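These protein sequence lines map, in sequence, to chains L and P.
Residue 250 in my numbering is what sits at position 250 of the first sequence, and the numbering runs on without skipping anything.
Residue 146 in my numbering is what sits at position 146 of the second sequence, and the numbering runs on without skipping anything.
Rather than coming from a laboratory, the hints here were simulated on the basis of the structure.
In this text, all values refer to a predicted model and were calculated from it rather than measured experimentally.
Just to be clear, a hint being listed does not mean it is correct.
[As the list claims (entries may be wrong)] Listed below are several chain P residues computed to face chain L (Cβ distance under 10 Å; list not exhaustive):
id	residue
1	R2
2	L5
3	H17
4	A98
5	L104
6	V105
7	P108
8	I116
9	T206
10	R209
Every residue gets a Cβ at the ideal spot worked out from N, C-alpha and C, and that includes glycine.
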Amino acid sequence: MIEVEGLTKRYGPAVAVSDISFQVQRGEILGFLGPNGAGKTTTMRVITGFLTPTAGRVRVAGVDVVEKPLEAKRHLGYLPENPPVYPDMRVREYLTFVARIKGVPRNDIKRRVDEVAEKCSVADVQKKQIGKLSKGYRQRVGLAQALIHDPDVLVLDEPTAGLDPKQIIETRDLIRGLAGRHTIILSTHILPEVSKTCQRVLVINQGQVVAEGTPEELTRRLQGYETVLVTAEGPAPEIMDRLQRVSGVNLVEPREAADTRVTFEVHAEKGQDVRAELARAVVESGWKLLELKTSGLSLEDIFLKLTTKDLGEEAAANPVPPVS
Amino acid sequence: MRNTLAIAGKEVRAYFHSPIAYLVMAFYTVLCGFFFYSFVATYQMESFRMAAMGGMGAPPMNLNQYIIRPLFEGVLSVILLLLIPLITMRLYAEEKRAGTMELLVTSPVTDGQIIIGKYLGAMALFAILVLLTFLYIGTLFIYGNPSFKPLLATALGYFLFGGALMSLGMWISTFTKNQIIAAGVSFAVLLLLYVLDWVSTYSFSTVGRVLAYIGATTHFDNFAKGVIDLSDVVYYVSVIVLGLFLTARSVEALKGRA
């Protein structure tokens, strides 16, 4: 439904997005995950035709957004980060205006406005001025606006930003309910949101895709081993050597060293508890064991691993292969 | 066409949702009324004096010459310099600030439809101002007998003059998110365009003649007299088209940058 090939967007010398490619299948919800400034909004703006790409192609429902912008835009509903509403207008007046410029046939306008107002729970504020609504209502008016012409593709930029927890849950339910009928791309920097709403995740950092997969796949792949942190006092190379010989250990990486105190990150086979063995190995060799703890990778860790500066650059140099 | 009208309608409603339309209309009506009254009162005094002196064989004074022409040429054109920036400042600046540019640009409408729609919306408000002027001028027809055809020519010229300023003001509004800046810069540009014909009083070189030609008021003189000269019409239509074209270029450039 959405095909992005080698998308690059530069603002003068600054590269916002560099050579991003991905596809979204019909009815799928794809999550864009990344820190602020990673290029999520830029990518979405190019898909929706708000910005023209520096290089690369974007096709929506098989239509190139640069070559046939009007046709592509008919397939698109877009909710920018700040809902694009006119504060002076009343909700119903606004939705009617949007229906007209989105090309909803004249006779269907009233019915469509009623439908989306109902669907997005803004029917009770139809006569109110948008500027006087709460942030949650305004967000839902924005969503209603994106749905008014029943587009195949919905692009939602941080749809839950600024909402209270109850509204966040409602909005997520609403979005999940739209999947299947609509193909959805949504961006967020909030992690639970991704695992709760999206079927597939694209992690973007500094304008590049650093990982791709289902939330479970990402977790499993990056957590495909047990991690134990061992802090001991003694000669670092020898400790490392000894730890490596413990059965079940795949990899030992030095993490920090201060004076004679060193910390290692030990990766072991999945499902194997090597803590007791590690402790014995250190103590029996006559070194002092100071700390021993397991460390699991949460989605937060993955995110940080993929997006913090030095690791991010490393990841960019050797991107995690996409799971297909 | 449908899209253009939808946007034009939205613009007109936006003017009346905010205080801008009422402010502009009130400001215009009061000033226009004051000057109209002043010209009529002066005319009356002069007429009485002429009558008292027995006419001295001079032709009777002419309403078009003594009231309508100075009203449009000397006063209303200056009032427009102040009011047109107030009308155009929000056209793009407001959309950029509110983030609604994203709605318009990602809708299946062309830039041209958006620009023409906005321009028509702004011109609709200006048309209301022109109609208000004719409420005053209409009283001349009740109590006197001005000639109608020259007045039509003047009205056409006034509309074109306002249209040219409007199109440039809209272009300037595309550069900023700040309506005050849009209005300020528009006023400065329009004022410069307004006074450019002063050059003709002291410079007779080619450059001087060109500058005087570019001046927006140079071409209003004939209209104010009640004469339609094709070259004046061409001038104003060219400025309108230029303004719309520059707006289109500027909007296009926004998509490349941010």
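Open item on the list: Run through the hints listed earlier and report the numbers of any the structure violates, in increasing order.
Closed with: Violated hints (numbers, rising): 8, 9 and 10; every other hint is consistent with the structure.
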